[in-house]
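Top to bottom, those sequences are chains A and B. Residue numbers are given in the working numbering: position 16 of the first sequence equals residue 16, and the series is strictly consecutive. Residue numbers are given in the working numbering: position 54 of the second sequence equals residue 168, and the series is strictly consecutive.
Where hints are given, some of them may not hold.
What the hints assert, rightly or not - Label-pair ranges, simulated between beta-carbon atoms:
#1 B:G214 - A:N70: 32 to 40 Å
#2 B:E185 - A:S65: 38 to 46 Å
#3 A:T7 - B:Q159: 15 to 23 Å
#4 A:A80 - B:G214: 49 to 57 Å
#5 B:S140 - A:K41: 14 to 22 Å
#6 A:P83 - B:K172: 41 to 49 Å
#7 A:L73 - B:A228: 32 to 40 Å
#8 B:S194 - A:L73: 37 to 45 Å
Calculated directly from the structure, the hints in this document are not laboratory data. None of these values were measured; they are calculated from a predicted model. Don't be surprised by glycine CBs; every beta carbon is placed ideally from N, CA and C.
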Amino acid sequence: DTEVTQTPKHLVMGMTNKKSLKCEQHMGHRAMYWYKQKAKKPPELMFVYSYEKLSINESVPSRFSPECPNSSLLNLHLHALQPEDSALYLCASSHPDRVNYGYTFGSGTRLTVV
Amino acid sequence: AQSVTQLDSHVSVSEGTPVLLRCNYSSSYSPSLFWYVQHPNKGLQLLLKYTSAATLVKGINGFEAEFKKSETSFHLTKPSAHMSDAAEYFCVVSDAFFSGGYNKLIFGAGTRLAVHP
Numbered sequence: 001d002t003e004v005t006q007t008p009k010h011l012v013m014g015m016t017n018k019k020s021l022k023c024e025q026h027m028g029h030r031a032m033y034w035y036k037q038k039a040k041k042p043p044e045l046m047f048v049y050s051y052e053k054l055s056i057n058e059s060v061p062s063r064f065s066p067e068c069p070n071s072s073l074l075n076l077h078l079h080a081l082q083p084e085d086s087a088l089y090l091c092a093s094s095h096p097d098r099v100n101y102g103y104t105f106g107s108g109t110r111l112t113v114v
Numbered sequence: 115a116q117s118v119t120q121l122d123s124h125v126s127v128s129e130g131t132p133v134l135l136r137c138n139y140s141s142s143y144s145p146s147l148f149w150y151v152q153h154p155n156k157g158l159q160l161l162l163k164y165t166s167a168a169t170l171v172k173g174i175n176g177f178e179a180e181f182k183k184s185e186t187s188f189h190l191t192k193p194s195a196h197m198s199d200a201a202e203y204f205c206v207v208s209d210a211f212f213s214g215g216y217n218k219l220i221f222g223a224g225t226r227l228a229v230h231p
């Protein structure tokens, strides 16, 4: 299995809703990442988990809450989002001994906040 | 600190003609460099990577890139464009934190490739 699977593919949520994005990989990668991508822009790093521990939080607002329950799964919990949070959310993973081999990205979740 | 500059925000070519997407990097040590492609409403796919082995790197779908240390460049080329190559292309440098088992990828601004019949 050489894929990163993200669900759902599309999500529409109101500003008072609570929802979660899910990311799963079975490649034995021990680093997992959340990126946010606005239209016509490069991805921006949000969070990095390494060996299930949060290693980097790029000053992301607390309405985004990451969770790494095990080495294969990464969640992003969403609460009280704003319309400007609408974006493509990408998950990625990398092998701990091959960090210079790049990431494997999922196909993303297209989030719309109304 | 590492950085990447993609010299063209848009490139337009005719089908069957060569493609050149330009990328310059800045790095304080020997970098790892990548090209990723993103088709509309899709995730990112790794096209090719340079990790200090051969300077001419071949990737998927007929793309290749040459690492030139003296010019700090890593330009992406393809001899003959296909309609399906129309997409956004990102040049990326790795900022590696080996002790932590993870790294940060630093993205260029992207180049949108249009392919005309």
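Hints versus structure:
At roughly 19 Å, the beta carbons of G214 of chain B and N70 of chain A sit outside the given window of 32 to 40 Å. A hinted range of 38 to 46 Å holds for the C-beta pair E185 of chain B and S65 of chain A, which are about 44 Å apart. Taking the beta carbon of each, T7 of chain A and Q159 of chain B are about 19 Å apart, inside 15 to 23 Å as hinted. For the pair A80 of chain A and G214 of chain B, the supplied restraint of 49 to 57 Å is violated, since their beta-carbon distance comes to about 31 Å.
For S140 of chain B and K41 of chain A, the hinted distance range of 14 to 22 Å is satisfied, since their beta carbons lie about 20 Å from each other. At about 44 Å, the CB distance of P83 of chain A to K172 of chain B agrees with the hint of 41 to 49 Å. The hinted window of 32 to 40 Å between L73 of chain A and A228 of chain B holds, with their beta carbons roughly 38 Å apart. Distance hint check: the CB atoms of S194 of chain B and L73 of chain A are about 42 Å apart, consistent with the given range 37 to 45 Å.
In the structure shown, a violation is registered for the earlier hints numbered 1, 4, in ascending order.
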